[in-house]
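Colleague: Protein sequences, first through last, are from chains A and B. Here the first sequence stands for residues 1 to 348, numbered as in the numbering used here. Here the second sequence stands for residues 1 to 137, numbered as in the numbering used here.
Treat the hints loosely; a few may be bogus.
Non-contacting residues of chain A with respect to chain B, defined by C-beta distances greater than 10 angstroms in every case (computed) [as the list claims (entries may be wrong)]: (1) K27; (2) L44; (3) V102; (4) G121; (5) K130; (6) T156; (7) P165; (8) L171; (9) P204; (10) L227; (11) D284; (12) E319; (13) A321; (14) P328.
From the structure, some residues in chain A lie toward chain B, with a derived Cβ separation under 7 angstroms [said to hold, decoys possible]: (15) L8; (16) V186; (17) T187; (18) P189; (19) V190; (20) T192; (21) Y193; (22) L318; (23) L322; (24) R325; (25) E329; (26) E331; (27) L335.
Quick look at which bits of chain B chain A covers, simulated, 3 or more residues with Cβ under 8 angstroms [stated by the list, open to error]: (28) 35-41; (29) 44-53; (30) 86-93; (31) 96-107.
I should point out that these hints are in silico values taken from the structure, not numbers from a laboratory. Even for Gly, the Cβ is constructed at its ideal location relative to N, Cα and C.
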Amino acid sequence: MSGGDTGLTADRKAALESWLTGQAGAKSVTVTEEGRLSGGAISLNLAVTLDIDGGRLAGRHACVLRTGSASGVSASLGKVQEAAVLGAVFAAGATVPEPLFVGSDPAMLGAPFYIMRRAAGIAAGFRIVKSDAPQRELARELGRQLGLIHRVRPGTPGLEFLALPEPTAALQATADFRRWAGRYAVTDPVLTYGLRWLERNALPPGDLVLCHRDYRTGNYMVEDGRLSAIIDWEFAGWSDPMEDLGWFCAACWRFGRNDREAGGIADRADFYAGYEETAGRPVDPHAVAYWEAAACMRWAVIAIQQANRHISGTEPSLELALTGRMLPEIEMDLLLHLDAVAARGGFV
Amino acid sequence: MINDDPKAGDLVAIALRSFRESILPVIPADQRFTALMIANALGMAERELAAGGKAEAELAAAIGGLINAKGDLRALLPRLCTDIDVGRFDSAERQAALRAVLMDITRARLAVSNPKRLAAEAPKSETPKSETPGSGR
Chain A
1 MSGGDTGLTA DRKAALESWL TGQAGAKSVT VTEEGRLSGG AISLNLAVTL
51 DIDGGRLAGR HACVLRTGSA SGVSASLGKV QEAAVLGAVF AAGATVPEPL
101 FVGSDPAMLG APFYIMRRAA GIAAGFRIVK SDAPQRELAR ELGRQLGLIH
151 RVRPGTPGLE FLALPEPTAA LQATADFRRW AGRYAVTDPV LTYGLRWLER
201 NALPPGDLVL CHRDYRTGNY MVEDGRLSAI IDWEFAGWSD PMEDLGWFCA
251 ACWRFGRNDR EAGGIADRAD FYAGYEETAG RPVDPHAVAY WEAAACMRWA
301 VIAIQQANRH ISGTEPSLEL ALTGRMLPEI EMDLLLHLDA VAARGGFV
Chain B
1 MINDDPKAGD LVAIALRSFR ESILPVIPAD QRFTALMIAN ALGMAERELA
51 AGGKAEAELA AAIGGLINAK GDLRALLPRL CTDIDVGRFD SAERQAALRA
101 VLMDITRARL AVSNPKRLAA EAPKSETPKS ETPGSGR
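Excised from the complex, chain A in its bound form (with noise of 0.2 angstroms):
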């Protein structure tokens, strides 16, 4: 199961397992490769063990290294900073795996890496939409997580690297897609709208707080109908609170269970009122709308960005061509979604 091309070789495994014992103050390390997790089409995750003799983390641990891949998309953040921001969630008390060792020296092992517990359970979105019954416990946990997690605010230590948005999460947003979406923004019609859309009913300034920014079924993990794991954190950044539980209650991320609204596992009533148990504010469901009409142009455009990844040559992968394919869906969601908004009133 170890090794093959995306494995570690035996040189690296050998700097690793050196470095790891001076960071663990060890008297030795042995690293267990167990194979490739999947994990997104733009991080590798490797299933390791460590056998750590000695020092501070003395035992046996299953965890998973993770490291960038040869592309990134624009708005991803490099393997060290996305470790200081799960290390940064972890304090505040989220249901995130443990960031233990961080390897800023790229010469190590090709790109920076970090390596974290390994949290049991599934986290494929077509899983777990799969239930009879609606999963308002698990909904309501996630709420309470988003909570928690937008407890992180600006100006914790470690975090400085995170630019704040300018002038406000709505416009950066905006700006940001229209500047991703290159060519894109002035060709398809429906991404110009949808971008002007955003920029006429841009939202006022508000609170900013650590958004998890793909926070989605597909990106926690459960073990059992239980959270065990919130993952993939490469694209966290300051913005409004409200632009998660878009993202997460947006028509693109329900896995084909469009009657339940919240990430197509329960009703957004469970995640909302899980919410405002630890978030310490009301969602606001204005805003909300708001960010799901930005989650689907935002998805729009990283489609588009992975598509050019492979289109460009950098990276020739199928499942990246296939991506770039599936613009006419969300951009089918995002007119159902302007359509809607449109007929309940409240934008221009």
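The hints should help you fit chain B onto chain A, whose structure is shown.
Modeller: Coordinates of chain B only, in the frame set by chain A:
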């Protein structure tokens, strides 16, 4: 050239059929995701070759009606984008008319990229209430 038969669309179609009938059933589980992606990509290519831009004239006419212009789709799309950008579709009525045409464009693209999703949307567009100015041609 003139006698190079079967054509690309036919080749892709028969390649996909052979792949589905003979290869997919014997693919090991750990390769199944890749195999399904291959089938998906071939299916999309097959539909795109079969469509051959048939829908384009209709869509161009719909866009032309919206922005008072004539031309093919490739010429009209950036002009529509410019009109949206400068605010010619800002009013609620103009936005509704625009969304209807954008919906038609998106449906035509979905017919190639994801006909299953298109089929799932179809009942909505056939309800008597929904107005579809873009397709009233």
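Colleague: Each hint needs a verdict: does it hold in this structure or not?
Modeller: Right, here's what the structure says about each hint:
Here K27(A) stays apart from chain B, with its beta-carbon at least about 38 angstroms from theirs, past the 10 angstroms limit. Its beta-carbon lying about 17 angstroms from the closest one in chain B, L44(A) satisfies the requirement of being farther than 10 angstroms from that chain. Against the 10 angstroms criterion, V102(A) stays outside the reach of chain B, whose nearest CB is about 31 angstroms from its own CB. With a closest Cβ-Cβ approach of about 20 angstroms to chain B, G121(A) is found to remain outside the 10 angstroms limit, as its non-interface label requires.
In this structure K130(A) is separated from chain B by more than 10 angstroms, as the shortest Cβ-Cβ distance comes to about 17 angstroms. Against chain B, the non-interface label of T156(A) holds: every CB pair exceeds 10 angstroms, the least being about 38 angstroms. No Cβ of chain B comes within 10 angstroms of the Cβ of P165(A); the nearest lies about 23 angstroms off, and the non-interface call holds. Non-interface call for L171(A) relative to chain B: holds, since the shortest CB-CB distance, roughly 16 angstroms, exceeds 10 angstroms.
Under the 10 angstroms C-beta cut-off, the non-interface status given to P204(A) relative to chain B holds; the minimum distance is some 20 angstroms. Distance check on L227(A): its Cβ is at least 25 angstroms (rounded) from any Cβ of chain B, clearing the 10 angstroms threshold; non-interface status holds. Remark: the non-interface label on D284(A) is consistent with the geometry, its nearest Cβ contact in chain B lying 23 angstroms away (cut-off 10 angstroms). Taking the minimum C-beta to C-beta distance to chain B, about 6 angstroms, the non-interface status of E319(A) is violated against the 10 angstroms cut.
Residue placement check: A321(A) does not keep its beta carbon more than 10 angstroms from all beta carbons of chain B (closest about 7 angstroms). For P328(A), the non-interface assignment is contradicted: its Cβ lies about 4 angstroms from the closest Cβ of chain B, within the 10 angstroms cut-off. A hinted interface residue such as L8(A) counts as satisfied when its beta carbon comes closer than 7 angstroms to some beta carbon of chain B; here the least separation is about 20 angstroms, so the hint is violated. Checking V186(A) against chain B by beta carbon gives a least distance of about 5 angstroms; that is within 7 angstroms, so the hint holds.
Contact between T187(A) and chain B, as hinted, is supported at the beta carbon level, the nearest pair being about 5 angstroms apart and thus within 7 angstroms. Hint status for P189(A) relative to chain B: holds, with the closest Cβ pair at about 5 angstroms, below 7 angstroms. This hint holds: V190(A) has a C-beta 5 angstroms from the nearest C-beta of chain B, less than the 7 angstroms allowed. The beta carbon of T192(A) comes within 4 angstroms of a beta carbon in chain B, closer than 7 angstroms, and the hint placing it at the interface holds.
A distance limit of 7 angstroms between C-beta atoms decides the matter here; for Y193(A) the minimum to chain B is near 5 angstroms, and the interface restraint holds. A hinted interface residue such as L318(A) counts as satisfied when its beta carbon comes closer than 7 angstroms to some beta carbon of chain B; here the least separation is about 5 angstroms, so the hint holds. For L322(A), the suggested interface contact is upheld, since its CB lies about 6 angstroms from the closest CB of chain B, less than 7 angstroms. For R325(A), the interface hint holds, since its Cβ comes within 7 angstroms of a Cβ in chain B; the closest pair sits about 5 angstroms apart.
The criterion of a C-beta within 7 angstroms of any C-beta in chain B is met by E329(A), whose closest approach is roughly 5 angstroms, and the hint holds. Hint status for E331(A) relative to chain B: holds, with the closest Cβ pair at about 5 angstroms, below 7 angstroms. Interface restraint check: L335(A) against chain B, minimum CB-CB distance 5 angstroms, threshold 7 angstroms, status holds. Against chain A, the region 35-41 of chain B contributes 4 residues with a C-beta closer than 8 angstroms to a partner C-beta. That satisfies the three-residue criterion, and the hint holds.
Figure legend: the region 44-53 of chain B, annotated as covered by chain A; annotation inconsistent (1 residues with Cβ-Cβ distances under 8 angstroms, at least 3 required). Look at the region 86-93 of chain B against chain A: 4 of its residues bring a Cβ nearer than 8 angstroms to a Cβ of that chain, three or more, so the hint holds. Check on the region 96-107 of chain B: 8 of its residues sit with their Cβ under 8 angstroms from a Cβ of chain A, so the three-residue criterion for coverage holds.
Hint violations for this structure: numbers 12, 13, 14, 15, 29, all remaining hints satisfied.
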